[in-house]
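A.B. asks: Residues per chain, in single letters:
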Amino acid sequence: MDMMQTGLDPADFADSARKAVAACLGLDPAGCGARLAEDGLLGVLAPEEVGGLGLDLRFALPVVQAAGAGDLAFPLAETMLMARHLAGPAPAIAASLAAGEGRGTIAWAGTARTELVGTVGRAPLAEGADWVLVRLAHGAALLPGSALRIAKAIGLDETAPEYNVTLTGADAACRLDAAAWSALAEEASLLRAAAILGAAETSLALAVEHVTTRRQFGKPLVANQAMRHLLARQKLAMEGMRGALIRATGCGDDAVGMLARRAAFLAAATHGPLIAEASIQAHGGMGFTWDIPVHRHLRRIRTLEAQGEAPAMREAVAAALIDAN
Amino acid sequence: MDMMQTGLDPADFADSARKAVAACLGLDPAGCGARLAEDGLLGVLAPEEVGGLGLDLRFALPVVQAAGAGDLAFPLAETMLMARHLAGPAPAIAASLAAGEGRGTIAWAGTARTELVGTVGRAPLAEGADWVLVRLAHGAALLPGSALRIAKAIGLDETAPEYNVTLTGADAACRLDAAAWSALAEEASLLRAAAILGAAETSLALAVEHVTTRRQFGKPLVANQAMRHLLARQKLAMEGMRGALIRATGCGDDAVGMLARRAAFLAAATHGPLIAEASIQAHGGMGFTWDIPVHRHLRRIRTLEAQGEAPAMREAVAAALIDAN
Amino acid sequence: MMDGMHHDLSGEAFRAHVRDWLSANVPPGFLADAPGYTTPTLQQCRDFEAAMHRAGLAGITWPRAYGGHGRTLREHLVANQEIGRLALPESVSSIGKELAGPIILAIGTEEQKQRYLPAILEMREMWCQGFSEPEAGSDLAGLRTRATRDGAGWRITGQKIWTSGAAKAARCLLLARTGPLEDRHKGLALFAVPMDAPGIRVRPIRQINDKDGGFAEVFLDDVPVGPEDALGAPDEGWNAAIRVLGIERATNRMYRAWRFENELRHLVAACRQDPALAPLLRDGAYRQRIAATLVDIEMVKGNVEPVVEALVAGEAIGARGSLMKLHWSEAHQRFAALAMEILGMASPDAPPPVLQAQKRFKDIYLQARAETIYAGTTEIQLGIIADRVLNLPRGK
Amino acid sequence: MMDGMHHDLSGEAFRAHVRDWLSANVPPGFLADAPGYTTPTLQQCRDFEAAMHRAGLAGITWPRAYGGHGRTLREHLVANQEIGRLALPESVSSIGKELAGPIILAIGTEEQKQRYLPAILEMREMWCQGFSEPEAGSDLAGLRTRATRDGAGWRITGQKIWTSGAAKAARCLLLARTGPLEDRHKGLALFAVPMDAPGIRVRPIRQINDKDGGFAEVFLDDVPVGPEDALGAPDEGWNAAIRVLGIERATNRMYRAWRFENELRHLVAACRQDPALAPLLRDGAYRQRIAATLVDIEMVKGNVEPVVEALVAGEAIGARGSLMKLHWSEAHQRFAALAMEILGMASPDAPPPVLQAQKRFKDIYLQARAETIYAGTTEIQLGIIADRVLNLPRGK
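Chains W, Z, D and X supply the protein sequences, listed in that same order. Quick note: the first sequence, position 230, residue 230 per UniProt numbering, numbers continuous. Quick note: the second sequence, position 244, residue 244 per UniProt numbering, numbers continuous. Quick note: the third sequence, position 369, residue 369 per UniProt numbering, numbers continuous. Quick note: the fourth sequence, position 86, residue 86 per UniProt numbering, numbers continuous.
Next comes chain W alone, as it looks inside the complex (with noise of 0.2 Å):
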């Protein structure tokens, strides 16, 4: 859909993922779910048949950029990839998630054999989901959730927990094929270089906060330039991830497209755990203890690091270039 034809511009649908990210505070995941719903926040890339605004990843990114501020307690990526690429082979589960009825996610970690068994991992959020998407060696499998065993796993993230997830040979609801699959990948990959410029840029807010506002030595910590160049290399590297994530989403589906949307996840991925670091280091004392949120958005923003296996993507981008050169 073509934002001249719609009317829409992407920085509106900030403005309401933010006060339905706020509205969210304190309820449980059904009840996130729910709250999202009503802005029609989970659909917003699922096709009109299933309920969803069938718009482009281009609005998608405002909303997961204000849930990664927001430290929102809910798989809002997985749940928004769902509605979209479900709405083929599945479009009453796609419209139940996309209606914030039925709760989905995704185990972003490890392959099941074809057979529907093994341990995946990394499902955010994953105990008490209707539904987990579940990566195969072709594709992907979507499985209920009451045919698995659900185990909390060693995970950062205490907000958006990380749960393994064992397959016990149960049928699929559906199963995509491996482009589609790939597709969902490559989307969610963009949407966490979004969660994390989100998490990051409440990080440096919050350290700019307490460092004029803390006064040491008879003067506010931001007199000191030590603390002033600090701040001002987390802004640098943070302007540097969403000028890459901007770029990306301008870029086509060539391998120059390909490349600036990978990048655009690996310079969040680089910088945004640095950023949430530097935040902390800038609250001094403060920024170890629990009240303060930053460590939180660390905790995400290393999640989704590992989520979106940097390594092996940084491995692929090279490969890329020296296969091609």
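Treat the hints with care, as some may be off.
Below are the DSSO-like pairs computed for lysine-lysine, each with C-alpha atoms no more than 30 Å apart in a straight line [said to hold, decoys possible]: (1) Z:K219 / D:K396; (2) W:K219 / D:K396; (3) D:K359 / D:K186; (4) X:K168 / X:K359; (5) W:K219 / X:K168; (6) D:K396 / X:K396; (7) Z:K152 / X:K186; (8) W:K219 / Z:K219; (9) D:K359 / W:K152; (10) D:K168 / D:K113; (11) D:K186 / X:K396; (12) X:K168 / Z:K219; (13) Z:K219 / X:K396; (14) D:K186 / W:K219; (15) X:K186 / D:K396.
Please keep in mind that the hints were generated in silico from the structure rather than gathered at the bench. Here the structure is a predicted model, which means the values were calculated and not measured.
Once you have looked at the hints, place chains Z, D and X on chain W.
C.D. replies: Okay, now just chains Z, D and X, sitting in the frame of chain W:
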């Protein structure tokens, strides 16, 4: 030889080496050799039978460190090592090297074929050398300079430029076996760490001098916290290099000592270039002029890093841990 | 070897004693890199540390008159090297052993030494530290906690923050102001405040790594402190403490480099256990970073060892502690991030040793956030290095 | 396509024109990554840049009335992308094209525009820059070069430093003080000083990369300057120049990201030519660093492209130029060190393409030392980002 027995202190060698290196300024390699030999510095490691002092490596380190600090235009480490390790197979040549009469150097890069053909590289100041030591698949061979084609390589160091050396099938004056070459190479690596340390020290001292005297925006540069912290970081790295080197000299001949010696070189090869680069940065525009000598130290340090094959050394260090674990 | 028999040993024999004792006496489940590991309880840690002390592995350089072992700093280093090699828990009494004890040794009265020092080493009394305040962190000019004369003793009112282990401590090493706020760095006095004194309230602060025994705020409301619990006169106590702390910063936790090496070895060993991780050990990218970590570790060792020689030779060590602390804390953060990256690629059904490593390195990663903050932030350390190691002029 | 026929093209057709023209017209031996490369002479560079201009590849956004092509900034970006893809030499007239020209466009009289601008684009006159002085680098409060009234014109006396290309320049864009030194940032005036005026002496400064046409000191002894060579009134000229430079910093050398990518591709191609280097391309350590370089390059692109859209949309770009310059210069230094490390492992008897790459990357490595210094050091850029991008309060 034991320190207690001789009554010698490595620190005494630092003083006389500094003076000798300063006196070499402007001399050609032959002149430098003669001047250094006057103080017995070329024979520090060579046994007494060939006119050397027969001391251990601790006494050579401050000498090479002073050479690095003074950007000496002479293959000092190479000469010291050749005078020690050729004393057995070629005592007359070793004696002439220790006496500063013959000039020798070592081609650190590449391996010549056993039939003494092929091209090797990274031989500092090989032009006009009487002897070049060349690595073979097993051990090394000493070849007369007159039997070699010697060509200046594309390198950074302009004071002690590197040469490529092509063998023409001429006979070797003598050979070192694999164990002797390996001992020589390991000693070279520690000497390189000392040379890098010396060059980095001079770089940082020049930077400190610059920022304390140069004024900008109404105050000396050193009043800027960012500049103070930049230099403090370099000092931190330098003291780490120094500590690793001191530690290495006190270690035994076991795996712990092997790691300590490799780490001493790698600490220098990792941080030395960054110290020199930061010292240029601290000089602002002045750092980019030929007349401010920091760039010479950077050139020397980068050259020593390459001669020591830092990436391969890191690989060896990792292998020792991983394969032994 | 029986406890108490170790005093005759020195050099490598002492090292062998430490190693043998540890290998025979570390309780089952204590080592974070060994099978069966479970986080030890506070009581288990107290018991083990008391046993370490009896065996000559704690209070090594403290005088024998106060329960110490009267050994040299070189032997302190030897013990630390051996302690570091094992994945032991951190001391639960580090404030007492690394801070209160050395200060009392330097400035305490004979009676105070007798009273406090053996209790620290025998793990009968744990200490907490009351220096920081909400309005005074690294800068003590703004310290507001007030000690006012009350007969021969004092009354203390104020608020402390970042007081590690306040809930379990018997005593607080507390810094308070005896004059007006305008005196800034003057008139500061040190006290050994009993934590069960009336008027003390402790409020725990939850840490990002969500650990027990962490930080707390301590509120003091007209707390009575007897004259016997003042450590030195106002100014005197604090000034001496500053000097002691400079040395202490360079000599405490000397095991860090060796513990760091233990962690790296644990990481490598865990990788071998998982078919998804083992290939990473053959990948040049990780091999180069593992090598860089080893070089960092050797540099930390190289920072630590000369301190011992310098102190033994009677030299001033100046700000060397800052070099060690800063290099270690930043290198440890780099390593922790590497470990998280690697272990994040483990199989979802990884075997128990890998899960155990994931738990340990998650803790280390979070804990490492604090390592560039506590005991002087990175920015403070860089300032110290600029001022006192590089001796840069202020440049006004 | 014939010169002058390109004005009707836009968008992708313009891109095709630029690409086709370059592929047909780059002189043999001009490309640093192609066989037969030899450093072009100054005259060859002037001729080629003049031809680029005739073909519409220089002065792209300058008005047609002054020899420019009156195109959009988007087309300027398109041309820069294509120019960046090729390993062309840097402009030998960058001061004229990137500094003097835009300032004259902004504040010059009609006569000055007619006189100077076509001469810059046609490579008839090259310019040098006279801002810095031995006592005034980034801080112009200490500027000492003095312009005093002499009838309708001026007499200028003083000393300039870091004046790139002074020896070959026809004109110097010179900043001088018209009032007393106490005026600090006030009373600064801009001049277009003819370099053949009496009283000018040029002393080259040897650069660390030992290149021709590098820095020089310029000594001015009572140099007469006519009224027609003053650029704006005192203050006016310099203040306008500051504004122009803010935009220029963000828009000039937009090709940098694409040239950077060309360098990376050249490095990879060179490795293929040497049996000692080819295996490094399969080593995870280098693959990860190559990927990191690509990510840096995409980030620089992402810094550049929004600037064009912002300017086209009439938005203020603020200090965005600092972001681009700082990220690029530091990333380029990291890459240059990587290239040196890799090429340092080449065979001693490496084939000519590898030697050629070694020469190019040695130059790039040394040149990169200056990239974090010129046009505002890293420290200056961080200050600008803190002040004007993050909008941090001063914190007094």
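A.B. asks: A separate judgement is required for each hint: does it hold in the structure or not?
C.D. replies: Hint by hint, here is what the structure shows:
| no. | hint | verdict |
| --- | --- | --- |
| 1 | Z:K219 / D:K396 | holds, 6 Å |
| 2 | W:K219 / D:K396 | holds, 18 Å |
| 3 | D:K359 / D:K186 | violated, 46 Å |
| 4 | X:K168 / X:K359 | holds, 25 Å |
| 5 | W:K219 / X:K168 | violated, 51 Å |
| 6 | D:K396 / X:K396 | holds, 17 Å |
| 7 | Z:K152 / X:K186 | violated, 54 Å |
| 8 | W:K219 / Z:K219 | holds, 20 Å |
| 9 | D:K359 / W:K152 | holds, 13 Å |
| 10 | D:K168 / D:K113 | holds, 21 Å |
| 11 | D:K186 / X:K396 | holds, 25 Å |
| 12 | X:K168 / Z:K219 | violated, 36 Å |
| 13 | Z:K219 / X:K396 | holds, 18 Å |
| 14 | D:K186 / W:K219 | holds, 20 Å |
| 15 | X:K186 / D:K396 | holds, 25 Å |
In summary, the structure is inconsistent with hints 3, 5, 7 and 12 from the numbered list given earlier, while agreeing with the others.
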